[in-house]
Amino acid sequence: MFKKVISSIVVLTMIAALLLTGCGSNSGSSNDSKVKVGFIYVGPAGDGGWTEAHNNGRLYLEKQLNIKTLYRESVPEGPECEKAIRDMIAQGCNVIFTTSFGFMDYTEKVAKEFPNIKFFHCSGYKKGENFANYFGRMYEPRYLSGIVAGMKTKANKIGYVAAFEIPEVINGINAFTLGVQSVNPNAIVKVKWTHTWIDSAKEKDAAVALLDEGCDVITQHNDSTAPQIAAEQRGVWAIGYDLDTPKAAPKAYMTAPIWNWGPYYVDQVKAIIDGTWKTSEYHGGLKEGIIDLAPLTDVAPAGAKEKVAEMRKKIEDGTFHVFAGPIKDQAGNIKVEAGKVLEYNEIMGTGMNWFVQGVEGKIEQSK
Amino acid sequence: MDFALLFAYAVHAGTPLLFATLGEMVTEKSGNLNLGVEGMMLMGAVMGFQVGIATSNPLLAVVGAAAAGALGGLIFAFLTVTLRANQVVSGLALTIFGTGFAGFFGQKLTGKIVPGPITTFFGEAKVPLLSDIPFVGKILFAQNLFVYFGYVAAIALGVYLFHTRKGLNLRAVGENPAAADASGINISLYKYTHILLGGALCGLGGAYLSLVYVPTWKENITAGRGWIAVALVIFTTWSPYRAIIGSYLFGCLDIIGFRIQDLKIKVSPYIIDMLPYIVTIVVLVFISMRKSKENAPPKGLGNPYFREDR
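Protein chains in written order, with my numbering: chain R, 1 to 367; chain Y, 1 to 310.
Keep in mind that the hints were calculated from the coordinates and are not lab data.
A quick note: this is a predicted structure, and the numbers were derived from the prediction, not measured.
Cβ atoms here follow ideal geometry from the backbone N, Cα and C, with glycine treated the same way.
Treat the hints with care, since some could be wrong.
Once the Cα atoms are required to be at most 30 Å apart in a straight line, the calculated DSS-like pairs of lysine-lysine come out as [said to hold, decoys possible]:
{"no.": "1", "chain 1": "R", "residue 1": "K4", "chain 2": "Y", "residue 2": "K138"}
{"no.": "2", "chain 1": "R", "residue 1": "K36", "chain 2": "Y", "residue 2": "K108"}
{"no.": "3", "chain 1": "R", "residue 1": "K157", "chain 2": "Y", "residue 2": "K299"}
{"no.": "4", "chain 1": "R", "residue 1": "K154", "chain 2": "R", "residue 2": "K109"}
{"no.": "5", "chain 1": "Y", "residue 1": "K108", "chain 2": "R", "residue 2": "K63"}
{"no.": "6", "chain 1": "R", "residue 1": "K190", "chain 2": "Y", "residue 2": "K112"}
{"no.": "7", "chain 1": "R", "residue 1": "K154", "chain 2": "R", "residue 2": "K278"}
{"no.": "8", "chain 1": "R", "residue 1": "K157", "chain 2": "Y", "residue 2": "K138"}
{"no.": "9", "chain 1": "R", "residue 1": "K157", "chain 2": "R", "residue 2": "K314"}
{"no.": "10", "chain 1": "R", "residue 1": "K63", "chain 2": "R", "residue 2": "K278"}
{"no.": "11", "chain 1": "Y", "residue 1": "K299", "chain 2": "R", "residue 2": "K3"}
{"no.": "12", "chain 1": "R", "residue 1": "K4", "chain 2": "R", "residue 2": "K157"}
{"no.": "13", "chain 1": "R", "residue 1": "K251", "chain 2": "R", "residue 2": "K313"}
Listing some non-contacts, in silico: residues in chain Y with all C-beta distances to chain R over 10 Å [to be verified]:
{"no.": "14", "residue": "L35"}
{"no.": "15", "residue": "I75"}
{"no.": "16", "residue": "L79"}
{"no.": "17", "residue": "P128"}
{"no.": "18", "residue": "F162"}
{"no.": "19", "residue": "S188"}
{"no.": "20", "residue": "D254"}
{"no.": "21", "residue": "I255"}
{"no.": "22", "residue": "R259"}
{"no.": "23", "residue": "D273"}
{"no.": "24", "residue": "M289"}
{"no.": "25", "residue": "K293"}
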């Protein structure tokens, strides 16, 4: 009997250890008790990628407005999310950011119940009176990073480690390839799918497979630095994603399309404090600063800085659009006619299920 | 496609599986089913990385990883041998514990890089002469020291289990603890030592991922490889020699999805991800059909030993 009690206690303690990483709260000395902001993360706050970028935004928000924030990390994309949101409300949060696609429906549900609380969902498409959504036009810096890759490659083969066949990833590959081909029409982009966001060993495997096939620049739509390290170990070059990570692979790393959520968070929360807030569908680009291209390192090819700056200016002032026709798909059919420009909803929507010419890889159709 | 290149990388990808499989195998040979492999691998991975960063010493990093894995084994041994708790529940709890442990200690480790001395130490080291053998040399003997250690560990474990007195005793403990007890073998001591040894090997498997394979820290770096190792023990029917082949085969399955696009064969990537589990089920079916004693699991596997029950 006694042994049974002890063993139950030990087992329960071990399971409780999981809570060590469960949640956290950071409370700055708040001088404004009007708002308390809660963040729901899909991964650990220090994941070195997607969630860390959001967490940096949260820290920026705390510093700029001197307010209180709470966060909950590693929340699965399921009913646990709804519970986490309700926990936040119970702790007094009146502004809540949910930062993963799968949180959308749960956020909407809770938002309808609490009309006085402001909700923000990242990367989705739903909205309501007190429920805004936000994202960034990541394809703009992707295009710019394609220019860097296209100028750097000598083998004219560039490897792209990608997670899932979803519009967000596919339009990134297309924008990148258009950037590559704008400076180097002979270069091709090879794509390998990892079908995971969390397995960094798999990301490395995919990168090594691309390197074995002769690619000499590796880029990624995955959250770990493993593909960059793979490139460094082979003595070739890499472009990262999510965050500026020049230290992970100093001899390979050239730049990265990165997220910069902080200014958006500050704008929105400020508007709430001032009482001028209205719901919105926000998808800022280079001009607004929610996304960016990390500064080019010394590894980047000569002349890339100037070329990137030139195109960046054109994108920012609207004289150039990444998805402006004519654009052909892999089979050579015209997908976007000359003179036409794809709308944001077309770029992010399910119609984005084709690759542009110059991509070598397949999209597994899941219909 | 360059097959030598593919197989060489399969060996590399199979090495974490090999260590974890050997660890689970030696644990199961003592009659204890430890489903905490994933947890112990993660504990080893995070501790190996932590010590590696702190000391820049490859050997200390490896020892740290083994110690962390053994700590996981110790918790399991205390629960299942001393307290005779349910092995399945304790093992699952250990997986959850190890995930939390690694997440907690890994918080400050993301974005850190493995120090140069360790990367160099575990860089490619060709074995003289042997690496000149065509094809095979390139696959097996142009690897790093950690991989070679895997060969040594597997063969040493095979010799220990099947050709030494202590190995015989261990197998007796796993097959029929009552008989072993009657012949004067210290059951608890055998169980404790080998569960700890098993944990240490699992920890090394995790450290291979964080220090050599990826190499960077990322939460949940093992991503389910511990469970594949549990399946591998069955697949290789509790033989350390077959574990070598099995692990490298599963390593090959792990990476082949990225390579067969060249061959213009249309196979869904999801089927390939399922392959390790499918072949394990097939092997299980074969074992139960053939009922050969050699390939059967240890008879006492999963049952706590009570001397009073005799």
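Q. Which hint numbers does the structure go against, in order from smallest to largest?
A. 1, 3, 4, 7, 12, 15, 16, 20, 21, 22 and 23
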